[in-house]
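Those protein sequence lines, which keep their order, are chains A and B. Counting in this note's numbering, the first sequence runs from 245 upward without gaps. Counting in this note's numbering, the second sequence runs from -15 upward without gaps.
Simulated from the structure, these hints should not be mistaken for laboratory data. Hints are not guaranteed to be accurate.
Claimed, not checked - Derived Cβ-Cβ restraints for the label pairs, each shown as a range: (1) A:LYS563 x B:ALA35: 53 to 61 Å; (2) A:GLN506 x B:ALA90: 16 to 24 Å; (3) B:LYS123 x A:LYS272: 24 to 32 Å; (4) B:MET26 x A:ASP501: 44 to 52 Å; (5) B:LEU114 x A:LYS301: 34 to 42 Å; (6) B:GLU91 x A:ASP259: 34 to 42 Å.
Stated by the list, open to error - If you want a taste of the chain A side facing chain B, the calculated C-beta under 10 Å gives, among others: (7) ASP367; (8) SER385; (9) ASP387; (10) ALA389; (11) PRO402; (12) ASN414; (13) LYS468; (14) LEU521; (15) LEU524; (16) SER526.
Claimed, not checked - Below 25 Å or equal to it, Euclidean Cα-Cα: the simulated SDA-like pairs (lysine to any residue) are: (17) B:LYS123 x A:TYR504; (18) B:LYS145 x A:ILE295; (19) B:LYS140 x A:TYR333; (20) B:LYS(-7) x B:LYS94; (21) B:LYS(-12) x B:GLY99; (22) A:LYS569 x A:ASP536.
By construction, the Cβ of each residue, glycine as well, lies at the ideal position given by its N, Cα and C atoms.
Listed below are the residues making up each chain.
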Amino acid sequence: MGYTITEKILLAHTDRKSVAPGDLIDCKVDLCLGNDITAPIAISEFEKTGIGEVFDKNKIALVPDHFSPAKDVKSAEQLKILRDFAKKYKIKYYYEIGCMGIEHALLPEEGLTMPGDLIIGADSHTCTYGAVGAFSTGVGSTDLAAAYVRGRVWFKVPESIKFIYSGKPNKWVGGKDLILYTIGDIGVDGALYRSMEFTGDAIARLPMDDRFAMCNMAIEAGGKNGIVAPDDTTVKYVEETSKRSKKKWKIYKSDKDAVYSQVKEYDVSKLEPMVSLPPLPSNAKPVSQVKDVKIDQSVIGSCTNGRITDLRIAAKVLKGKKVHKDVRCIIFPATQAIYLQAMKEGLLETFVKSGCAVSTPTCGPCLGGHMGILAAGERAIATTNRNFVGRMGHLKSEVYLSNPAVAAASAIKGRIAHPEEVI
Amino acid sequence: MILKGKAWKFGNDINTDEIIPAKYLVTVDPKELGANCMDGIMPGFSKRVTAEDIIVAGKNFGCGSSREHAPISIKGCGISCVIAESFARIFFRNSINIGLPIFECAEAAKAITEGDEVEVDASTGLIRNLTKEQVYKAKPMPEFMQELIGAGGLMKWVVKKK
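Could you put the whole structure together from the sequences, leaning on the hints where they help?
What follows is the structure, given as structure tokens:
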């Protein structure tokens, strides 16, 4: 009986000869990530042990991206905990403001997430790195603290679901739409405890940025990890990013006789851009069915859709047009490199001329942190990943999820709109 | 260990933003987090809770973010344990790691109604509904997780192993 890519990577990180779904295993970790919300607890738990040294200062990443630049005194104190810990233990991958980006865009860009790696992060969207063919999953702060000590983490080997996407997607349809559609189909616990393996000719056509967006949202279906087996697109990408990190990689692919608990097939050629209505990502509908929904804010960014491909799409829609007078459109390039690239390509100029605000990288409004909080009764369309009750602010505010083209078109129209309505 | 208290009933897919909204994540203090527990779905919850009360919920409890502040706030406001039809995986890990007892039991999650007096034997997973005079059996914890709980949480286990 063969293995899935997820089982192969997990096995390679144990001392065992075999693994099977349901096995509880102890795995070596190649990289462990924490941010300014989750790492302070991990650091406190770590210091309580009195062990006094981390397992490997070169395998820890600390990214202060959630409430930074500091939104208030309390968050400034949380940020300081990371900074002090990084200095004390000479943590190699600590990113100060100015170098900092949204963690799940930053680490792949820095070449720290490589095919075949086993990565944990105290952030639920750590599943993003599956896009490069790594096993990558979110854990809690105490898990992170334990990894600081042992360099290992316990897992239950997940069953896998294979998703096969076929067909050529329409213009304006990207990875975000595929994943919203999928979550709409299987539900917010449709992949609970399980691995989501994305395959098919439609995935082979997707650029890396779209694959990141898909794997990023595996958690929104309850998935343990999302993963795409490396292909030429992946190799080209990591050949570039590994120049920064000098990290090596290993390519794993699922065996032909690998066992899946479920196989789902989707024809994406008829798919429209999707919009997920509040309060769950699974409330996904084609944009044409979401009529007369006025918006107060459009947020383009986040660990899901703040990459250069996303900004290019948004700029294409916004170019030469104005944001509706009743809408605040806020754009968050996810990293400094993306920011710089967007500047070089003239995208930032397009945004500013259209009346958008462009921010330094931060998770900001996505989690109702800062930089675009909603008042009671307000509504946003966002390229983020969660539309839970009160996610972006007041409990009586609403978030609709979409791709960058729809968010940009909606900013222009003042209501949720298909990009074709403004092009 | 016997846990006994009044049931507080919640629905399906209760997410961590509902359990502890992000605006409260500027602290790691269990008491402060506990004071704002469930603020995203039932503001004022912590004031109504009596120590040892029990949360009973539907499927996928604790979905969403990885914030350990969620189980910490539940523990911090005095809740003794959570019974649900199913748990989201990071919430599940976090609860075990910090020592918040959780029990997966669809039967109990469906049958228990708000205000019922409930008693849980943490070692056997036997759940007694004293109000309705019913008994339910939670899914047993795998041995390794019992070992973690027995050690007093993940960090104590880690130190012991070191």
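Hint check results:
no. : hint                            : result
1   : A:LYS563 x B:ALA35: 53 to 61 Å  : 60 Å, holds
2   : A:GLN506 x B:ALA90: 16 to 24 Å  : 20 Å, holds
3   : B:LYS123 x A:LYS272: 24 to 32 Å : 29 Å, holds
4   : B:MET26 x A:ASP501: 44 to 52 Å  : 49 Å, holds
5   : B:LEU114 x A:LYS301: 34 to 42 Å : 53 Å, violated
6   : B:GLU91 x A:ASP259: 34 to 42 Å  : 39 Å, holds
7   : ASP367                          : 5 Å, holds
8   : SER385                          : 4 Å, holds
9   : ASP387                          : 6 Å, holds
10  : ALA389                          : 6 Å, holds
11  : PRO402                          : 9 Å, holds
12  : ASN414                          : 31 Å, violated
13  : LYS468                          : 6 Å, holds
14  : LEU521                          : 14 Å, violated
15  : LEU524                          : 7 Å, holds
16  : SER526                          : 9 Å, holds
17  : B:LYS123 x A:TYR504             : 24 Å, holds
18  : B:LYS145 x A:ILE295             : 12 Å, holds
19  : B:LYS140 x A:TYR333             : 22 Å, holds
20  : B:LYS(-7) x B:LYS94             : 10 Å, holds
21  : B:LYS(-12) x B:GLY99            : 12 Å, holds
22  : A:LYS569 x A:ASP536             : 17 Å, holds
When each numbered hint is compared with the structure, violations occur for hints 5, 12 and 14.
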